[in-house]
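Asks: Listed below, chain by chain, are the residues.
There are 2 protein chains.
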Amino acid sequence: MINTAKVLYEFVAEPGNNELSVNEGEIVTITNQSIGGGWVEAQNSRGEVGLVPEDYIIHSQSGGGSVPPLDLSFFDSHASTATSSTTHQKTNGSDPWAAFTTDASGGFSNNWAAQPQGTETGRTSTHEAWSSSVQSHPQAYQGPGADDDEWDDEWDDGKSTGGYTEEGGEGGGLNRGAASMKISLNKFPGFSKSGPDLYLLSKQGPKGKEKLPIYRGEVGPVWLYPEGQLDCVVADPKKGSKLYGLKSYIEYQVTPNVSVFHISAAFGPTLKRLSLPAADLLGRFEEEFIKMRMERLQGWMTRMCRHPVISSSDVFQLFHSYKDEKDWKTGKRKAEKDETVGVMVFSVIEPEETLPDLDLLEVEQKCEQFSRFTKAMDDGVKDLLNVGQEHWKRCTGPLPKEYQRIGKAFQNLSSVFNSSGYEGEATLTDALTAAGKTYEDIAQMVAEQPKKDLHFLMETNNEYKGLLGCFPETIGVHKAAIEKVKEGDKLVAASKITAPEKITMTKRASTMSYALQAEMNHFHSNRIYDYNRVMQLYLEEQIKFYETIAEKLRHAHGQFTTM
Amino acid sequence: MINTAKVLYEFVAEPGNNELSVNEGEIVTITNQSIGGGWVEAQNSRGEVGLVPEDYIIHSQSGGGSVPPLDLSFFDSHASTATSSTTHQKTNGSDPWAAFTTDASGGFSNNWAAQPQGTETGRTSTHEAWSSSVQSHPQAYQGPGADDDEWDDEWDDGKSTGGYTEEGGEGGGLNRGAASMKISLNKFPGFSKSGPDLYLLSKQGPKGKEKLPIYRGEVGPVWLYPEGQLDCVVADPKKGSKLYGLKSYIEYQVTPNVSVFHISAAFGPTLKRLSLPAADLLGRFEEEFIKMRMERLQGWMTRMCRHPVISSSDVFQLFHSYKDEKDWKTGKRKAEKDETVGVMVFSVIEPEETLPDLDLLEVEQKCEQFSRFTKAMDDGVKDLLNVGQEHWKRCTGPLPKEYQRIGKAFQNLSSVFNSSGYEGEATLTDALTAAGKTYEDIAQMVAEQPKKDLHFLMETNNEYKGLLGCFPETIGVHKAAIEKVKEGDKLVAASKITAPEKITMTKRASTMSYALQAEMNHFHSNRIYDYNRVMQLYLEEQIKFYETIAEKLRHAHGQFTTM
Numbered sequence: 001m002i003n004t005a006k007v008l009y010e011f012v013a014e015p016g017n018n019e020l021s022v023n024e025g026e027i028v029t030i031t032n033q034s035i036g037g038g039w040v041e042a043q044n045s046r047g048e049v050g051l052v053p054e055d056y057i058i059h060s061q062s063g064g065g066s067v068p069p070l071d072l073s074f075f076d077s078h079a080s081t082a083t084s085s086t087t088h089q090k091t092n093g094s095d096p097w098a099a100f101t102t103d104a105s106g107g108f109s110n111n112w113a114a115q116p117q118g119t120e121t122g123r124t125s126t127h128e129a130w131s132s133s134v135q136s137h138p139q140a141y142q143g144p145g146a147d148d149d150e151w152d153d154e155w156d157d158g159k160s161t162g163g164y165t166e167e168g169g170e171g172g173g174l175n176r177g178a179a180s181m182k183i184s185l186n187k188f189p190g191f192s193k194s195g196p197d198l199y200l201l202s203k204q205g206p207k208g209k210e211k212l213p214i215y216r217g218e219v220g221p222v223w224l225y226p227e228g229q230l231d232c233v234v235a236d237p238k239k240g241s242k243l244y245g246l247k248s249y250i251e252y253q254v255t256p257n258v259s260v261f262h263i264s265a266a267f268g269p270t271l272k273r274l275s276l277p278a279a280d281l282l283g284r285f286e287e288e289f290i291k292m293r294m295e296r297l298q299g300w301m302t303r304m305c306r307h308p309v310i311s312s313s314d315v316f317q318l319f320h321s322y323k324d325e326k327d328w329k330t331g332k333r334k335a336e337k338d339e340t341v342g343v344m345v346f347s348v349i350e351p352e353e354t355l356p357d358l359d360l361l362e363v364e365q366k367c368e369q370f371s372r373f374t375k376a377m378d379d380g381v382k383d384l385l386n387v388g389q390e391h392w393k394r395c396t397g398p399l400p401k402e403y404q405r406i407g408k409a410f411q412n413l414s415s416v417f418n419s420s421g422y423e424g425e426a427t428l429t430d431a432l433t434a435a436g437k438t439y440e441d442i443a444q445m446v447a448e449q450p451k452k453d454l455h456f457l458m459e460t461n462n463e464y465k466g467l468l469g470c471f472p473e474t475i476g477v478h479k480a481a482i483e484k485v486k487e488g489d490k491l492v493a494a495s496k497i498t499a500p501e502k503i504t505m506t507k508r509a510s511t512m513s514y515a516l517q518a519e520m521n522h523f524h525s526n527r528i529y530d531y532n533r534v535m536q537l538y539l540e541e542q543i544k545f546y547e548t549i550a551e552k553l554r555h556a557h558g559q560f561t562t563m
Numbered sequence: 001m002i003n004t005a006k007v008l009y010e011f012v013a014e015p016g017n018n019e020l021s022v023n024e025g026e027i028v029t030i031t032n033q034s035i036g037g038g039w040v041e042a043q044n045s046r047g048e049v050g051l052v053p054e055d056y057i058i059h060s061q062s063g064g065g066s067v068p069p070l071d072l073s074f075f076d077s078h079a080s081t082a083t084s085s086t087t088h089q090k091t092n093g094s095d096p097w098a099a100f101t102t103d104a105s106g107g108f109s110n111n112w113a114a115q116p117q118g119t120e121t122g123r124t125s126t127h128e129a130w131s132s133s134v135q136s137h138p139q140a141y142q143g144p145g146a147d148d149d150e151w152d153d154e155w156d157d158g159k160s161t162g163g164y165t166e167e168g169g170e171g172g173g174l175n176r177g178a179a180s181m182k183i184s185l186n187k188f189p190g191f192s193k194s195g196p197d198l199y200l201l202s203k204q205g206p207k208g209k210e211k212l213p214i215y216r217g218e219v220g221p222v223w224l225y226p227e228g229q230l231d232c233v234v235a236d237p238k239k240g241s242k243l244y245g246l247k248s249y250i251e252y253q254v255t256p257n258v259s260v261f262h263i264s265a266a267f268g269p270t271l272k273r274l275s276l277p278a279a280d281l282l283g284r285f286e287e288e289f290i291k292m293r294m295e296r297l298q299g300w301m302t303r304m305c306r307h308p309v310i311s312s313s314d315v316f317q318l319f320h321s322y323k324d325e326k327d328w329k330t331g332k333r334k335a336e337k338d339e340t341v342g343v344m345v346f347s348v349i350e351p352e353e354t355l356p357d358l359d360l361l362e363v364e365q366k367c368e369q370f371s372r373f374t375k376a377m378d379d380g381v382k383d384l385l386n387v388g389q390e391h392w393k394r395c396t397g398p399l400p401k402e403y404q405r406i407g408k409a410f411q412n413l414s415s416v417f418n419s420s421g422y423e424g425e426a427t428l429t430d431a432l433t434a435a436g437k438t439y440e441d442i443a444q445m446v447a448e449q450p451k452k453d454l455h456f457l458m459e460t461n462n463e464y465k466g467l468l469g470c471f472p473e474t475i476g477v478h479k480a481a482i483e484k485v486k487e488g489d490k491l492v493a494a495s496k497i498t499a500p501e502k503i504t505m506t507k508r509a510s511t512m513s514y515a516l517q518a519e520m521n522h523f524h525s526n527r528i529y530d531y532n533r534v535m536q537l538y539l540e541e542q543i544k545f546y547e548t549i550a551e552k553l554r555h556a557h558g559q560f561t562t563m
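Keeping their order, the protein sequence lines are chains A and B.
Per full-length UniProt numbering, residue 1 is the first one in the first sequence, and the count goes up by one each step.
Per full-length UniProt numbering, residue 1 is the first one in the second sequence, and the count goes up by one each step.
Isolated chain A (complex conformation):
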């Protein structure tokens, strides 16, 4: 299978840095998909080989069509820290931070929009480019809407795509219930379409909906965490295709755990298959790629499962609990009728009595604080990603080449010495050869190391970049609500709202603020755990790496002698 790709955007190589300049529309051959760190190795028609950002190319489709092949933004954009599971929106390709600066009433966000896009070295990194140059990078932050055309039909009619395939052959007993289902997990109307008015001025709360309580925890307002926690295991990827092979996808088996609070244990462990659009034509790199996608899906599913609000949403629970097609369809129809979507999610949020209503100033201060923090963290995370991407490139490119050259030079000298004809040469030449081979080993270790440590650091930060990308919109809605409340007196004077409605609006802004605070506290708590964990893992692997090198060198050292 020829592994070709089309270049989406011009990329100018930094000279001497193992990169390859490519032009928009150019067809290149992918020579190594497993570079990692956001790079692939490609060859152009002139036979030149070098690294290209993987986001700048799109894999050619064997059938002539094309799908976004790596689609790295998929999980990023799905990961949500919004105040509920129903706060996603189609961002239609616009940078969430940029969108926010447009929507929000100005002031604080100016220097935000003016944020330089390049890295320290003057290069524009791919990640930065995503969030800064929407016109020329249409897939940037496409978010949940990106694959809508493909997934809408799955949602509406599972049968048309070979969904719900019975896979009874996979195993006996409980596994009989395994079903294949395609799902877009982010079909929720967003905040910005409606704005906060719908909620702030709504006449009555939702009927018969379970409330989402916020109580006062040690760190401030927090969500109520369910006693049992949803969880699931993503595994066993399988390739499928539709439209007579024109489009292909990978199905992943998702196994929910049984001890789920909201779901009857009677269902037992069921196997579902969650499919994602496949990156086709990856040849020998496919396996690695699918593994990475699976890891990301696992990470995202786990994060969603552990989010107290998202995991309690009807549709999410349905996905976990359905056992057959009928279940799924029924549940889906019910979920589609849910009115507490968009900003109306706040109508089911209920701060406990110990939490007094906040005045507008407090609401505003909290909002500003979260805004500053999430923006600063977004910058910090992107900075680390840029640094990591550069480091990855060095570790897989020039550095191992250099160690290899050192190794070769030692071995070369050894073979020259071996030709001296002088007696008693063997000890030195054996030792020199061993030292040379050790440096070749080190070269290989250096090249393979990023996948063992930097990979996870990058993945975590990529996930957080995605999470942080949801905040501008969330904060934007809060800011809009604050502005609305500020106009309260004027609106009352103009008889657009009544005085009691103005009071309700203020109270509801307070509820929104509590929801945001609870969400931030959830975010902080997860963040502290996640960064501790990933840093431990990173440093553990780094320690092993350096210790192994030292050990190898000690072995080589022992062979030299100056008796």
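Hints may contain errors.
Since the list gives no way to pick one copy over another, a pair counts as held whenever it fits inside one copy or between any two copies.
Said to hold, decoys possible - No farther apart than 30 Å at their CA atoms in a straight line, the calculated lysine-lysine pairs in the BS3-like style are these:
1) Lys366 <-> Lys408
2) Lys437 <-> Lys452
3) Lys326 <-> Lys211
4) Lys326 <-> Lys239
Source of the hints: derived by calculation from the structure; they are not laboratory data.
Since the structure is predicted, the reported quantities are computational estimates derived from the model, not experimental observations.
We have chain A; now place chain B onto it with these hints.
Replies: The following block gives chain B in isolation, referenced to the frame of chain A:
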């Protein structure tokens, strides 16, 4: 003191490699002399900063004059493995290997001359350039002749330059005898001026000269090593100047040891001062530079002291033993009258009776073997030097910068986290800051490491490059002798020589071959020791380096927690 330098040769920077392109005649400011590995950091008039090969620039003289500033070839070219201390010659700037291919009767050396000069990466390294492009690099392999103009007057008249300075203030007792002397250690006529005929056809041996015996050792013909060995310590560099400050130099104190075989112990330890032309205007890097020169001088003096033939030469012994000006002048005049210089040194060499005369075929085979080996080793050594130079640049340039960026990114994220306002943040932020500082430490360690290990590996190989550079001429004389003996019958037939003279010629070629074999065995024995030693040192330091990093990371790791 402004640290400026004039560019001698155009240098085209490899882009993205931290190098600076410079043009011939351009004046640059040296911003960092202590990069090492053959590089200095310079700034051009447009303010651009980058690395330039130190051999491509010449430091400006404050007084308007100029001296070859780093003069790295000095010791290289002085280090000799020729068959005696009197085999040096002015090569007048020509590549010794190239000279050899011209002098020697062709055939084997063709592919030698066609040897590519660039490195694997297509760059022309400075060392390669030295030996390949004599026209554009007039100082290349200038050898002993380079400083003749400066040092001849010292040799002829010490008083004119402040030589023989009494430095009684330095210490009492034995140190009273300390004297300052300037010496060029390579004022010997070379082989190629005379060719081998002088020796092959000389009528009689030298009168009253002590013979240099060669005996059969375990590894073949070997020199007789003196019971006591000359040795000396080079220390205490002092700056001096002459010509009203226009030219400056560094004087080094050379202290010979007392247990010298040929030198009466009655002299006791005397202190001499050996001066070398100074690289002026080095500013804050001067100290480091002088230290490096001193190390090289020490290495070279030790090597000469341990060479059984060189250390027994009159002039070398004189330098070690003289205690005052009168001694020196007397000895010098005697040495100047020595007739056993150039090829005539073979006339004092005497293979012991156990060593039978070699026939011409054996002589030729040995010569070919040494020629192949020394050429191959010269290539191997230069390859290692090129690799080392590239590695040095990476270790002192891009790599620590990257570790610094990683460290900064961690610390940056830590300070963002610190601003969260969330309780229980301190443990993570402290740990992240510590991890960040650890990577900054690692950056510094990486940048400083080459001076601790690669430096010595490079120095040893540089020394061997110098030693190997003497072989083409030596082998050339042997090849010429072989050709001469081959013509023997023809010469007898033409009555140019007598039949007994022809027999003498063959016997003398055999003596020359024994001398070369003894010298090669001396070279091999030293080489095996030197490379074992330097590899041990290199690997020891590398082990320490990696272990220290692992230890630092372990410390940082311990601060993270996922309770």
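Asks: Now, for every hint given, state plainly whether the structure supports it.
Replies: Verification of the hints:
For a Cα distance limit of 30 Å, the shortest separation of lysine 366 from lysine 408 across copies, 28 Å, qualifies, whereas the shortest one inside one copy, 61 Å, does not. Taking the shortest alpha-carbon separations for lysine 437 and lysine 452, both the intra-copy value of 22 Å and the inter-copy value of 22 Å come in at or below 30 Å. Proximity of lysine 326 to lysine 211 under the C-alpha cut-off of 30 Å is restricted to the intra-copy arrangement: shortest distance 28 Å within a copy versus 109 Å between copies. For a Cα distance limit of 30 Å, the shortest separation of lysine 326 from lysine 239 inside one copy, 25 Å, qualifies, whereas the shortest one across copies, 95 Å, does not.
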